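Line by line, the protein sequences give chains A and B.
Numbering follows my numbering, in which position 115 of the first sequence is assigned residue number 115; successive positions increment by one, without gaps.
Remember, my numbering sits 238 above the position in the second sequence when you count from 1.
Calculated directly from the structure, the hints in this document are not laboratory data.
All values reported here derive from a predicted model rather than from experimental measurement.
Among the hints, erroneous ones may be present.
Said to hold, decoys possible - Label pairs and their calculated CB-CB ranges:
{"id": "1", "chain 1": "A", "residue 1": "Glu125", "chain 2": "B", "residue 2": "Ala424", "range": "27 to 33 Å"}
{"id": "2", "chain 1": "B", "residue 1": "Ala306", "chain 2": "A", "residue 2": "Val213", "range": "44 to 50 Å"}
{"id": "3", "chain 1": "B", "residue 1": "Gly400", "chain 2": "A", "residue 2": "Glu114", "range": "49 to 55 Å"}
{"id": "4", "chain 1": "A", "residue 1": "Ser135", "chain 2": "B", "residue 2": "Thr254", "range": "21 to 27 Å"}
{"id": "5", "chain 1": "B", "residue 1": "Leu560", "chain 2": "A", "residue 2": "Gly183", "range": "41 to 47 Å"}
{"id": "6", "chain 1": "B", "residue 1": "Ala549", "chain 2": "A", "residue 2": "Glu125", "range": "46 to 52 Å"}
{"id": "7", "chain 1": "A", "residue 1": "Gly107", "chain 2": "B", "residue 2": "Ala266", "range": "35 to 41 Å"}
{"id": "8", "chain 1": "A", "residue 1": "Gly107", "chain 2": "B", "residue 2": "Ile518", "range": "38 to 44 Å"}
Where a beta carbon is used, it is the ideal one built from N, C-alpha and C, also for glycine.
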Amino acid sequence: MPAAELDIRNLSAGYGQTHVLEDVSFMVPAGGRLSILGRNGMGKTTLMASLMGLTRHYAGSISLAGQNVTALGTAARSHAGIGLVPQTREIFKGLTVEENLFAGLKGRPRSAIEEAYVLFPRLRERRRNLGSQLSGGEQQMLATARSILGQPSVLLLDEPLEGLAPVICDMLMEAFGRLAASGAMTILFVEQRLESALAFADDVIILERGRIVWSGKPDALRADAEVLERYIGVGGLH
Amino acid sequence: MATATPMPVIPSASRTLGRDFLGLALIALVGLAGYWLFPDNLAFLTRVISVALLVLSLDLIVGYCGIASLGQGALYGAGAYAAGIACVHGITDPGLLILIGAAAGAVMGLLMGAIMLRAHGLPQLVLSIAIVQLLHEAANKASSITGGSDGLSGMSPAPLFGLFEFDLWGRSAYLFGLGLLLIVFAVLRFVTRSPFGMVCRGLKEDPLRISALGIYAFPVLLKMFVISGAVAGMGGALAAIATQVVGLDSVSFEISANALVMLVLGGIGHLYGALIGTVIFMALEHIVAAINPFHWMTLVGAVLIAIVLFAPRGLSGTLDELARLLTRERWRAGR
């Protein structure tokens with residue numbers, strides 16, 4: 001599935017009666033990389049979940065390659081080309097690495113699992129270990145690889161570096177960079193590590209209380225100490 | 239990442255296959271030992287095999303898919319009545335009767351799954367009870383076909399392979415049942431290990447996660463209901479062939495609840511657990527009821543409470559845990 005343009009218009013979503021996202025609009029071109037920033041609790045993960053159809057939708061539209069997918073359920077959105085690597089990784093801990101990968105194949109031949117091992121050779125070594133026996137970094141690799149095996153046209157990465165050692169973060173960022181460079185998918189990247197998020201992206205948006213309060217290029221954000229201080233809580237990058 | 243965390247080795251595919259053959263050989267050996275050691279109890283042992291098929295079928299949907307059911311008797315009863323009615327109407331080949339039972343169970347599984355999968359949690363459990371009760375009542379009312387509360391009789395299965403009569407001693411029925419159990423068990427090991435079985439286990443862990451991977455839960459679970467129905471139906475057909483009577487108890491809430499108790503006793507989500515639970519529960523029931531026909535339920539209840547409290551993962555889960563601990567100790571000692 002080739003990379004697709006993702007167009008979000010006036011999206012409002014949340015959980016139950018609680019509106020978390022309000023009037024969110026942005027567009028990512030096919031093959032583009034968008035980093036989504038904001039402090040904790042500002043709606044970043046809810047945005048990812050909403051794109052995957054895991055929250056309650058109140059208003060607005062989500063279009064993938066020009067096709068409106070707003071009314072589709074979670075599995076159908078996955079088939080339409082949206083792939084999520086959730087914040088909590090959510091691998092199947094009772095299944096082996098290979099079985100977890102199989103779950104992401106979406107009908108592709110089993111041999112396609114090799115792609116995951118090429119991206120993350122560590123998983124090949126662990127292929128018969130249970131998910132519960134993996135380190136945090138390995139779990140993240142597995143969650144990412146499982147999602148990529150489904151050949152999404154838009155990949156949602158929700159805080160993939162959270163709680164991981166710097167050396168693992170570097171490995172993952174290198175893999176994400178390779179994926180992005182291949183141009184095979186549009187990538188949305190939610191991350192708390194500011195420099196990683198800025199280095200990765202073509203464009204950046206900042207969420208504050210469920211609304212987009214800033215959007216622009218990474219370099220523009222780097223240079224804007226006031227925005228960084230107000231919305232991210234850091235005093236500027238040098 | 240540079241230094242790998244050492245951990246116990248997971249068995250390779252060939253070793254797993256070897257263990258499967260060993261397991262099947264063990265079941266065959268225990269079964270044959272039962273044949274030689276208890277020649278006067280073969281009818282009871284055949285009943286154990288028939289119920290074991292029911293409990294295995296229940297494990298498929300409870301243990302592997304996480305769907306609670308107290309209505310598995312509907313599938314077992316459908317198989318028993320289908321085989322019984324076919325036999326009364328002239329289809330007497332035992333192999334064919336088993337297939338008819340499997341088909342009836344599968345169709346009932348399809349219907350039951352299509353209804354039960356519309357709900358979740360407690361409502362799902364209530365639906366399962368309602369279905370088995372409805373079927374029980376239908377079997378009772380349709381007495382011209384099922385024999386009603388008197389039971390369906392007049393069955394006369396043909397000799398096995400044209401040679402071995404289904405006699406009063408129950409030798410043919412027992413060996414036939416043992417062979418059937420071995421075949422079904424081998425197939426179920428394959429099914430539960432297959433990618434399909436793996437997706438079912440994933441659905442049990444977290445359906446939302448599976449859905450985010452683009453897998454539709456309903457058809458997967460429905461397929462498992464059909465397989466489960468076929469297995470339960472074979473159990474019912476075996477009981478019909480062995481006893482040559484099909485009673486209302488074969489499609490009852492009681493047999494469904496007992497099957498769940500046996501599964502919990504043996505360990506949910508382990509095919510071996512389903513067998514262990516069935517054998518222990520039925521043996522206990524058989525022995526204790528003979529010793530004290532008035533208070534045997536009290537003793538059986540006490541044993542069950544003890545097992546649930548002290549071995550919550552069931553007997554097979556506890557054995558697994560012990561084996562894991564021993565392996566870990568051995569692995570540590572070897573470092």
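To see whether the hints hold, each was checked on the structure:
At about 32 Å, the CB distance of Glu125 of chain A to Ala424 of chain B agrees with the hint of 27 to 33 Å. Our hint of 44 to 50 Å for Ala306 of chain B and Val213 of chain A holds, since their Cβ atoms are close to 47 Å apart. Separation of Gly400 of chain B from Glu114 of chain A is about 52 Å and conforms to the stated range, judged on CB atoms against 49 to 55 Å. Remark: the range hint 21 to 27 Å for Ser135 of chain A to Thr254 of chain B is upheld by a beta-carbon distance near 25 Å.
Against the hinted window of 41 to 47 Å, the Cβ-Cβ separation of Leu560 of chain B and Gly183 of chain A comes to about 53 Å, which falls outside the hint. Under the hint 46 to 52 Å, the C-beta atoms of Ala549 of chain B and Glu125 of chain A, about 35 Å apart, miss the expected range. Between Gly107 of chain A and Ala266 of chain B the beta carbons are some 38 Å apart, a value that agrees with the proposed interval 35 to 41 Å. For Gly107 of chain A paired with Ile518 of chain B, a C-beta distance near 42 Å keeps the hint of 38 to 44 Å intact.
Hint compliance for this structure: hints 5 and 6 are not met, and every other hint is.
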